[in-house]
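Student: The primary structure of each chain is shown beneath.
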Amino acid sequence: MSALLSADDLNDFITPSVACIKPVKGSNEGNEGEKGQKLEIEIDTEGKPVEVNKEGETRRLQRAQISLSDCLACSGCITSSEEVLMQQHSHKEFMKAMEKYKGQKIFVASISHQARASLSNALHLSVADVDRVLIKLFVERLGFAKVVGTGLGRRISLKQMCQQVIDASQKGDKDHKKPILTSICPGWLMYVEKTHPFLLPYLDNTKSPQQITGLLLKRTTAAELHIKPKEVYGLSVMPCFDKKLEAARQETDEQVDVDTVITPKEVLHLLEDMKIDLDQLIAEACADSSYADLGALYERFAPHNWLYPVESWTNDEGSASGGYAYHYLATLMHRQAANADCFEIRKLEGRNPDIYELQLVNKVSEQVVARSAVVNGFRNIQNMVRKIKQSSQKGPQTSGRGRAVLRRRRMQKGHTDPEHGSRDHEHAGQRVNLLECELIEVMACPHGCINGGGLISGPEDHHSAKIWVEQVLEKYRSIPNGDIGTDELEKWVQDWLENFTVCSSRLLKARFQRVEAPKDNATIAMTSTW
Amino acid sequence: MPQIKLEHKFAAHKFACWAVAVEKESHLMATVSADKTCKVFDYREKELLATLGDGTHSKSTRCVAFKPHSEFPTLAVGSFDATVSIWCMDGAEAGADDVSESSEIIGENGWELLAVIEGHENEVKAVDWSCDGKYLATCSRDKSAWIWETDESNEEFECINVIQEHEQDVKNVKWHPFENVLATSSYDETCRVFRQDDYDDDDWLCVAKLDQFDGTVWCSDFEKKSYKDGTMRLVTCCDDAKVRVFRKIPPPASQNEQKQEGEAEISSEGHLQKPVIVPSSLKEEENWVLESVLPPVHNRAVYSVDWNENGLIASCGSDGILAIYKEKSDRPGQWEVYATKYLAHGVCEVNCVKWCSSTELLTAGDDGNVLMWKIED
Numbered sequence: 001m002s003a004l005l006s007a008d009d010l011n012d013f014i015t016p017s018v019a020c021i022k023p024v025k026g027s028n029e030g031n032e033g034e035k036g037q038k039l040e041i042e043i044d045t046e047g048k049p050v051e052v053n054k055e056g057e058t059r060r061l062q063r064a065q066i067s068l069s070d071c072l073a074c075s076g077c078i079t080s081s082e083e084v085l086m087q088q089h090s091h092k093e094f095m096k097a098m099e100k101y102k103g104q105k106i107f108v109a110s111i112s113h114q115a116r117a118s119l120s121n122a123l124h125l126s127v128a129d130v131d132r133v134l135i136k137l138f139v140e141r142l143g144f145a146k147v148v149g150t151g152l153g154r155r156i157s158l159k160q161m162c163q164q165v166i167d168a169s170q171k172g173d174k175d176h177k178k179p180i181l182t183s184i185c186p187g188w189l190m191y192v193e194k195t196h197p198f199l200l201p202y203l204d205n206t207k208s209p210q211q212i213t214g215l216l217l218k219r220t221t222a223a224e225l226h227i228k229p230k231e232v233y234g235l236s237v238m239p240c241f242d243k244k245l246e247a248a249r250q251e252t253d254e255q256v257d258v259d260t261v262i263t264p265k266e267v268l269h270l271l272e273d274m275k276i277d278l279d280q281l282i283a284e285a286c287a288d289s290s291y292a293d294l295g296a297l298y299e300r301f302a303p304h305n306w307l308y309p310v311e312s313w314t315n316d317e318g319s320a321s322g323g324y325a326y327h328y329l330a331t332l333m334h335r336q337a338a339n340a341d342c343f344e345i346r347k348l349e350g351r352n353p354d355i356y357e358l359q360l361v362n363k364v365s366e367q368v369v370a371r372s373a374v375v376n377g378f379r380n381i382q383n384m385v386r387k388i389k390q391s392s393q394k395g396p397q398t399s400g401r402g403r404a405v406l407r408r409r410r411m412q413k414g415h416t417d418p419e420h421g422s423r424d425h426e427h428a429g430q431r432v433n434l435l436e437c438e439l440i441e442v443m444a445c446p447h448g449c450i451n452g453g454g455l456i457s458g459p460e461d462h463h464s465a466k467i468w469v470e471q472v473l474e475k476y477r478s479i480p481n482g483d484i485g486t487d488e489l490e491k492w493v494q495d496w497l498e499n500f501t502v503c504s505s506r507l508l509k510a511r512f513q514r515v516e517a518p519k520d521n522a523t524i525a526m527t528s529t530w
Numbered sequence: 001m002p003q004i005k006l007e008h009k010f011a012a013h014k015f016a017c018w019a020v021a022v023e024k025e026s027h028l029m030a031t032v033s034a035d036k037t038c039k040v041f042d043y044r045e046k047e048l049l050a051t052l053g054d055g056t057h058s059k060s061t062r063c064v065a066f067k068p069h070s071e072f073p074t075l076a077v078g079s080f081d082a083t084v085s086i087w088c089m090d091g092a093e094a095g096a097d098d099v100s101e102s103s104e105i106i107g108e109n110g111w112e113l114l115a116v117i118e119g120h121e122n123e124v125k126a127v128d129w130s131c132d133g134k135y136l137a138t139c140s141r142d143k144s145a146w147i148w149e150t151d152e153s154n155e156e157f158e159c160i161n162v163i164q165e166h167e168q169d170v171k172n173v174k175w176h177p178f179e180n181v182l183a184t185s186s187y188d189e190t191c192r193v194f195r196q197d198d199y200d201d202d203d204w205l206c207v208a209k210l211d212q213f214d215g216t217v218w219c220s221d222f223e224k225k226s227y228k229d230g231t232m233r234l235v236t237c238c239d240d241a242k243v244r245v246f247r248k249i250p251p252p253a254s255q256n257e258q259k260q261e262g263e264a265e266i267s268s269e270g271h272l273q274k275p276v277i278v279p280s281s282l283k284e285e286e287n288w289v290l291e292s293v294l295p296p297v298h299n300r301a302v303y304s305v306d307w308n309e310n311g312l313i314a315s316c317g318s319d320g321i322l323a324i325y326k327e328k329s330d331r332p333g334q335w336e337v338y339a340t341k342y343l344a345h346g347v348c349e350v351n352c353v354k355w356c357s358s359t360e361l362l363t364a365g366d367d368g369n370v371l372m373w374k375i376e377d
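Chains as they are written, first to last, in my numbering: chain L, 1 to 530; chain F, 1 to 377.
Careful, some of the hints might be misleading.
To be verified - Incomplete in silico selection of chain L near chain F, CB under 10 Å:
1. Thr195
2. Arg351
3. Asn352
4. Gly377
5. Phe378
6. Arg379
7. Asn380
8. Gln382
9. Asn383
10. Arg386
11. Lys389
12. His462
13. His463
What the hints contain is simulated information worked out from the structure, not anything from laboratory work. C-beta: ideal position from N, C-alpha, C; glycine also.
Given the sequences, and given the hints that come with them, work out the whole structure.
Tutor: Written out as structure tokens, the structure is:
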């Protein structure tokens, strides 16, 4: 199983194709009443492209602009090398923004748990110390007003997703697509939009912790400081580059919740570029007596009226990507109330550690009452997509045609149980069955977010790389788990939505879009490499 | 110098014939073409046995490979429509006891479609089965090569690894005849070698990157010989009209002591038994060197190369030339031209060459023909 870490060593990651297919929009507003006439493009004597109509009139052509949000509509012009470019741009872009908006905007930051774990491992510090260092960096060195962990946003996301899945399963709607797939991972989401749009109805549309935190943080800070949300600049520290694209997705009100996303790798570049001595920063942060009480520190730099600021930095059970699959079953178990003791959550391993099933089992009757699964990495995603596709196709399937032949053959040979597969990883007759799960947590990266492409990478050779991931995971698990009571959380969110007059779907639900592949032969030919 | 004589012409397809595959035990030959079908012939009887078509693929079929060690003849066909179809000849009388079953079974003479594998984003360029038939490798213009695992039923194919190291189209995949080692050739002018991880069967590590090329690497093939010390050789052919042989130099014995307990033995079928390997934190990189550039015959892109069990190498290409090379017996590692045939398919490009015996080979050309040749002194 591949476990390569750095963005330079992409292996089991979903990689987009090369062609940039920014739809060529005709911006020929100059030529009124001449729609549909044939135009040619020539290069003039200065080497610039001009458009020539059939009367011979020429018009200079504007250079096509591609914005980051266009990239989302593209079939993926972001190749490996451009990812590196993107990486380099982003922290520089942030530095420019800091210069430009100094004194004009208030800066706020949200930090993901995986980023903290990554820095903790790379710098040989405890996560607590990393938090101190980050807060000192952002607040004292960079002048940020607020710094929060993404824990609150994650709990809201978990709760929302869980409720949606439970509602969908209970409704028994015949339109309900099972299994429900998470869309939290932007890499996975964009892949579905571009390559497998037939899966869009299966996706749960709950927003990710990054986006929920971003919106809450901006608006709450703005209110506290009596400024407009536009005057708040939100930075988010995330495990991968796709999170940048997620932040760039357009919202209904066209307001930006997260202005820039940087990765832990870029945090280190930032320190270098700004000539901030890391060792000195660490020494100061750990020696600062006002930083000793971590809880107080978290509270100090969260916005007022932030629900449980300390819990925003605490962790959750389940996978290191956020524990969505786990949380679904844990919620169901919790709802058994008095009977909760009769149940337990069991894990059924798949053929590799990146695919497994979780089952909520009644210990007494050994009955499985609910299932969820975790699927990480491209190859597992491929197999999952194929299984869902096959199951969704009505009528005789191509792969079924041969079954008649083989069943006959097996019966002739006296084999029993013709449907029995022959995989080695079956455990006591049970196989991971994705189609039977109500919810599948899908992450593009092998090992999930703890192995994101923006995290700090370790040694290159294969076996050491595996150990490195395990170390980062250990640091992640060292973050204490916390909890915010469901009712309290729900009430706080409702109150917040009312106070800030934000629609609940704006806070909690993402929007998907089909991405059209180029259909005209000219574009296809031009953008293909044979 | 020996002559290459035309033994038989199979007018296989009306459009370009892209590839030919050979199954020696049952002397079957499969051909694929721009006509979207796959045809199966018996090359001894010179007979067309079946046409596998009927709209299974919506675009040209580009590559084909027979599954080794299969109870019934089984083959995989890769197509420009991004899918791979798996066919099997179950040998039973077609139709007789099948009245109750769905009668849409495709194919003739007992050939059935077992599965259609999807996954690649665009044209599939090559397919190849591993020596034990357990894995199927496919590669595509989408720059990736996939490894699929299957069982005897050939219905279930599970993707167990996606190789994405190449920076451009992957043109060819080829397995080693005895070990689970895979060579991939690409438009990015490199050829890479992958080996199965000792501890995790699903993990494939890139152990070598051969980059001494001046153009697209179209095809590669392993030597059909096992060496006790772990040596391997790979022949490659390239857009730059050259045919190159690379050799893997096994690690020196002292380093190997930790790695191997006991000597590698070769079983009666010529399969190399895997030595017991003790965990080692050594890097996985293997030492592959360019051993020889074969004497120049081709003047244009060389599309296909095949290494016979008796040591002869055949190559064919865009210039219409079919060339055979032989290693000098007194100077191993050096090669001489053994035989050539110019304008093998007339003015048409020769897309693929495959040996079917120690002195006979098959070529597929843009003229839609598959020609059977025999080397005579």
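Student: If you take the shortest Cβ to Cβ gap from Thr195 (chain L) to chain F, is it below 10 Å?
Tutor: Holds, because the Cβ-Cβ distance from Thr195 (chain L) to chain F comes to roughly 7 Å (cut-off 10 Å).
Student: Let's test the interface hint: is any C-beta of chain F closer than 10 Å to that of His463 (chain L)?
Tutor: For His463 (chain L), the interface hint holds, since the closest Cβ of chain F sits about 6 Å away, which is under 10 Å.
Student: Close enough to count: is the Cβ of Asn383 (chain L) nearer than 10 Å to one in chain F?
Tutor: 5 Å, holds
Student: Using Cβ atoms only, decide whether His462 (chain L) comes closer than 10 Å to chain F, and label the hint accordingly.
Tutor: Cβ of His462 (chain L) sits 6 Å from chain F, so the hint holds.
Student: Does the nearest C-beta of chain F fall within a distance shorter than 10 Å of the C-beta of Gly377 (chain L)?
Tutor: 9 Å, holds
Student: May I ask you to test the interface hint for Arg386 (chain L) with respect to chain F, counting a Cβ-Cβ separation under 10 Å as satisfied?
Tutor: 6 Å, holds
Student: Should the interface hint for Asn352 (chain L) be scored as holding, given a Cβ-Cβ cut-off of 10 Å against chain F?
Tutor: With a minimum Cβ separation of about 5 Å from chain F (threshold 10 Å), the hint on Asn352 (chain L) holds.
Student: Please check whether Asn380 (chain L) passes as an interface residue: C-beta within 10 Å of a C-beta belonging to chain F.
Tutor: 8 Å, holds
Student: Mind checking the CB of Gln382 (chain L) against every CB in chain F and telling me if the closest is under 10 Å?
Tutor: With a minimum Cβ separation of about 4 Å from chain F (threshold 10 Å), the hint on Gln382 (chain L) holds.
Student: Restraint: Arg379 (chain L) near chain F, CB-CB cut 10 Å. Satisfied or not?
Tutor: 5 Å, holds
Student: A closest beta-carbon separation below 10 Å is what the hint needs, so does Lys389 (chain L) meet it against chain F?
Tutor: 7 Å, holds
Student: Using the nearest Cβ pair, does Phe378 (chain L) come within less than 10 Å of chain F?
Tutor: 5 Å, holds
Violation of the numbered hints given earlier is absent; every hint is satisfied by the structure.
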